[in-house]
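J.: When you get a sec, could you build the whole thing from the sequences and use the hints?
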Amino acid sequence: MEEHNASHTLPPSTAARPDLDWSQVRETILMLNLAVAQIEIALKDSSGSVDVLAGSFTGMYGNIMALVEQARALPDSPAKAGIESSGVAVSEQMQQAIIAFQFYDRLSQRLSHVSRSLDDLTGIVNDPSRLYNPFAWHTLQQQIRSQYTMEDEKLMFDTLIRTGDVREALARYVEARQQQSGSGADIELF
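Convert by adding 39 to the 1-based position in the sequence shown; the result is the number in our numbering.
Simulated from the structure, these hints should not be mistaken for laboratory data. Errors might be hidden in some of the hints.
[Claimed, not checked] Pairwise CB distance ranges (calculated):
id	residue 1	residue 2	range
1	Ala76	Ser116	57 to 63 Å
2	Arg56	Gln141	43 to 49 Å
3	Tyr143	Leu73	19 to 25 Å
Quick reminder that beta carbons are idealized off the backbone N, C-alpha and C, glycines included.
T.: Put into C-alpha coordinates, the structure is as follows:
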(Lines of atoms letter the chains of each structure in order from A and count residues from 1; the text may use other names and numbers.)
(Lines give C-alpha, C1' and ligand atoms only; values in the text may rest on other atoms or scores of the structure.)
Protein backbone atom coordinates (compact mmCIF):
# COMPACT_ATOMS: atom_id res chain seq x y z
CA MET A 1 0.00 0.00 0.00
CA GLU A 2 2.84 2.40 0.77
CA GLU A 3 4.26 1.88 -2.72
CA HIS A 4 0.95 2.93 -4.18
CA ASN A 5 0.96 6.19 -2.16
CA ALA A 6 4.58 6.93 -3.07
CA SER A 7 3.81 6.66 -6.77
CA HIS A 8 1.16 9.37 -6.42
CA THR A 9 3.51 11.98 -5.00
CA LEU A 10 2.92 15.16 -6.94
CA PRO A 11 5.54 17.79 -7.70
CA PRO A 12 5.08 21.14 -5.96
CA SER A 13 2.51 23.50 -7.35
CA THR A 14 3.85 26.09 -9.80
CA ALA A 15 2.42 28.96 -11.84
CA ALA A 16 2.41 26.61 -14.83
CA ARG A 17 0.68 23.87 -12.79
CA PRO A 18 -1.33 25.66 -10.08
CA ASP A 19 -3.32 23.73 -7.53
CA LEU A 20 -4.67 24.45 -4.07
CA ASP A 21 -1.09 24.55 -2.77
CA TRP A 22 -0.05 27.29 -5.24
CA SER A 23 1.57 30.29 -3.58
CA GLN A 24 2.52 33.70 -4.89
CA VAL A 25 5.20 33.75 -2.19
CA ARG A 26 6.83 30.64 -3.67
CA GLU A 27 6.61 32.17 -7.15
CA THR A 28 8.15 35.41 -5.85
CA ILE A 29 10.99 33.46 -4.28
CA LEU A 30 11.61 31.60 -7.54
CA MET A 31 11.78 34.88 -9.47
CA LEU A 32 14.08 36.46 -6.87
CA ASN A 33 16.35 33.42 -7.02
CA LEU A 34 16.38 33.66 -10.81
CA ALA A 35 17.42 37.32 -10.58
CA VAL A 36 20.21 36.41 -8.14
CA ALA A 37 21.41 33.62 -10.43
CA GLN A 38 21.43 35.91 -13.48
CA ILE A 39 23.42 38.58 -11.64
CA GLU A 40 25.91 36.03 -10.33
CA ILE A 41 26.40 34.47 -13.78
CA ALA A 42 26.86 37.88 -15.41
CA LEU A 43 29.45 38.85 -12.80
CA LYS A 44 31.31 35.56 -13.13
CA ASP A 45 31.28 35.59 -16.94
CA SER A 46 32.47 39.17 -17.24
CA SER A 47 34.96 39.19 -14.39
CA GLY A 48 37.58 37.04 -16.10
CA SER A 49 37.42 39.00 -19.34
CA VAL A 50 37.69 42.35 -17.61
CA ASP A 51 40.59 41.13 -15.48
CA VAL A 52 42.44 40.05 -18.64
CA LEU A 53 41.71 43.39 -20.34
CA ALA A 54 42.78 45.41 -17.31
CA GLY A 55 45.98 43.40 -16.98
CA SER A 56 46.71 43.76 -20.69
CA PHE A 57 46.20 47.52 -20.63
CA THR A 58 48.35 47.87 -17.54
CA GLY A 59 51.11 45.85 -19.22
CA MET A 60 50.81 47.84 -22.47
CA TYR A 61 50.98 51.08 -20.50
CA GLY A 62 54.23 49.92 -18.91
CA ASN A 63 55.65 48.92 -22.31
CA ILE A 64 54.67 52.23 -23.91
CA MET A 65 56.27 54.18 -21.07
CA ALA A 66 59.45 52.07 -21.47
CA LEU A 67 59.49 52.95 -25.19
CA VAL A 68 59.03 56.63 -24.40
CA GLU A 69 61.94 56.46 -21.94
CA GLN A 70 64.12 54.71 -24.53
CA ALA A 71 63.16 57.31 -27.14
CA ARG A 72 64.30 60.08 -24.79
CA ALA A 73 67.82 58.61 -24.93
CA LEU A 74 67.91 59.02 -28.74
CA PRO A 75 69.46 62.08 -30.36
CA ASP A 76 67.01 64.90 -31.04
CA SER A 77 65.18 64.45 -34.31
CA PRO A 78 61.66 64.80 -35.70
CA ALA A 79 61.27 61.00 -35.42
CA LYS A 80 62.22 61.10 -31.72
CA ALA A 81 59.74 63.91 -31.07
CA GLY A 82 57.01 61.97 -32.89
CA ILE A 83 57.71 58.79 -30.93
CA GLU A 84 57.67 60.66 -27.62
CA SER A 85 54.51 62.56 -28.50
CA SER A 86 52.67 59.47 -29.72
CA GLY A 87 53.86 57.45 -26.73
CA VAL A 88 52.60 60.05 -24.28
CA ALA A 89 49.25 60.28 -26.11
CA VAL A 90 48.82 56.49 -26.10
CA SER A 91 49.79 56.27 -22.43
CA GLU A 92 47.16 58.90 -21.55
CA GLN A 93 44.52 56.94 -23.47
CA MET A 94 45.54 53.76 -21.67
CA GLN A 95 45.25 55.50 -18.32
CA GLN A 96 41.68 56.46 -19.26
CA ALA A 97 40.97 52.81 -20.17
CA ILE A 98 42.37 51.65 -16.83
CA ILE A 99 40.09 54.16 -15.06
CA ALA A 100 37.15 52.71 -17.02
CA PHE A 101 38.09 49.24 -15.75
CA GLN A 102 38.00 50.63 -12.22
CA PHE A 103 34.42 51.74 -12.96
CA TYR A 104 33.64 48.13 -13.89
CA ASP A 105 35.04 47.02 -10.53
CA ARG A 106 32.66 49.43 -8.79
CA LEU A 107 29.77 48.12 -10.92
CA SER A 108 30.66 44.55 -9.94
CA GLN A 109 30.64 45.51 -6.27
CA ARG A 110 27.20 47.11 -6.63
CA LEU A 111 25.77 44.11 -8.45
CA SER A 112 27.19 41.82 -5.75
CA HIS A 113 25.41 43.96 -3.14
CA VAL A 114 22.17 43.69 -5.14
CA SER A 115 22.57 39.93 -5.37
CA ARG A 116 23.13 39.59 -1.62
CA SER A 117 20.19 41.90 -0.90
CA LEU A 118 17.88 39.88 -3.14
CA ASP A 119 19.07 36.69 -1.46
CA ASP A 120 18.38 38.21 1.97
CA LEU A 121 14.97 39.39 0.74
CA THR A 122 14.21 35.85 -0.39
CA GLY A 123 15.02 34.66 3.11
CA ILE A 124 12.46 37.02 4.65
CA VAL A 125 9.74 36.28 2.09
CA ASN A 126 10.31 32.54 2.58
CA ASP A 127 10.01 32.70 6.38
CA PRO A 128 6.45 33.41 7.59
CA SER A 129 7.72 34.43 11.03
CA ARG A 130 9.81 37.18 9.42
CA LEU A 131 7.56 37.99 6.44
CA TYR A 132 4.99 39.75 8.61
CA ASN A 133 7.49 41.14 11.11
CA PRO A 134 8.25 44.85 10.55
CA PHE A 135 11.39 44.56 12.67
CA ALA A 136 12.78 41.90 10.32
CA TRP A 137 12.15 44.21 7.37
CA HIS A 138 13.76 47.14 9.17
CA THR A 139 16.78 44.98 9.99
CA LEU A 140 17.07 43.97 6.32
CA GLN A 141 16.86 47.61 5.24
CA GLN A 142 19.57 48.64 7.70
CA GLN A 143 21.74 45.71 6.60
CA ILE A 144 21.39 46.80 2.96
CA ARG A 145 22.10 50.45 3.85
CA SER A 146 25.24 49.44 5.77
CA GLN A 147 26.71 47.99 2.55
CA TYR A 148 26.85 51.47 1.03
CA THR A 149 30.18 53.18 1.50
CA MET A 150 29.44 56.51 -0.17
CA GLU A 151 27.16 59.20 1.21
CA ASP A 152 25.39 59.70 -2.13
CA GLU A 153 24.38 56.02 -2.11
CA LYS A 154 23.04 56.33 1.43
CA LEU A 155 21.11 59.45 0.38
CA MET A 156 19.57 57.52 -2.53
CA PHE A 157 18.61 54.66 -0.20
CA ASP A 158 17.13 57.00 2.42
CA THR A 159 15.15 58.89 -0.23
CA LEU A 160 13.73 55.67 -1.65
CA ILE A 161 12.74 54.34 1.77
CA ARG A 162 11.19 57.69 2.71
CA THR A 163 9.30 58.36 -0.54
CA GLY A 164 9.04 55.00 -2.33
CA ASP A 165 9.84 56.91 -5.54
CA VAL A 166 12.69 55.41 -7.59
CA ARG A 167 13.00 58.42 -9.90
CA GLU A 168 13.28 60.85 -7.00
CA ALA A 169 15.88 58.64 -5.30
CA LEU A 170 17.93 58.48 -8.51
CA ALA A 171 17.61 62.24 -9.03
CA ARG A 172 18.90 62.88 -5.50
CA TYR A 173 21.79 60.48 -6.14
CA VAL A 174 22.75 62.22 -9.39
CA GLU A 175 22.43 65.63 -7.73
CA ALA A 176 24.73 64.56 -4.89
CA ARG A 177 27.28 63.10 -7.34
CA GLN A 178 27.29 66.30 -9.36
CA GLN A 179 27.81 68.40 -6.24
CA GLN A 180 30.70 66.16 -5.20
CA SER A 181 32.40 66.39 -8.56
CA GLY A 182 31.54 70.05 -9.07
CA SER A 183 30.22 69.07 -12.47
CA GLY A 184 27.19 70.64 -14.01
CA ALA A 185 27.06 68.00 -16.74
CA ASP A 186 23.70 66.41 -17.38
CA ILE A 187 23.49 62.73 -16.62
CA GLU A 188 20.72 60.86 -18.37
CA LEU A 189 18.84 58.27 -16.38
CA PHE A 190 17.14 55.45 -18.21
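J.: Against each hint, give a clear statement of whether it holds in the structure.
T.: Tested hints:
1. For Ala76 and Ser116, the Cβ-Cβ distance of about 60 Å falls inside the hinted range of 57 to 63 Å, so the restraint holds.
2. About 47 Å separates the C-beta atoms of Arg56 and Gln141, a value consistent with the hinted range of 43 to 49 Å.
3. Checked against the given bound of 19 to 25 Å, the beta carbons of Tyr143 and Leu73, roughly 24 Å apart, stay inside it.
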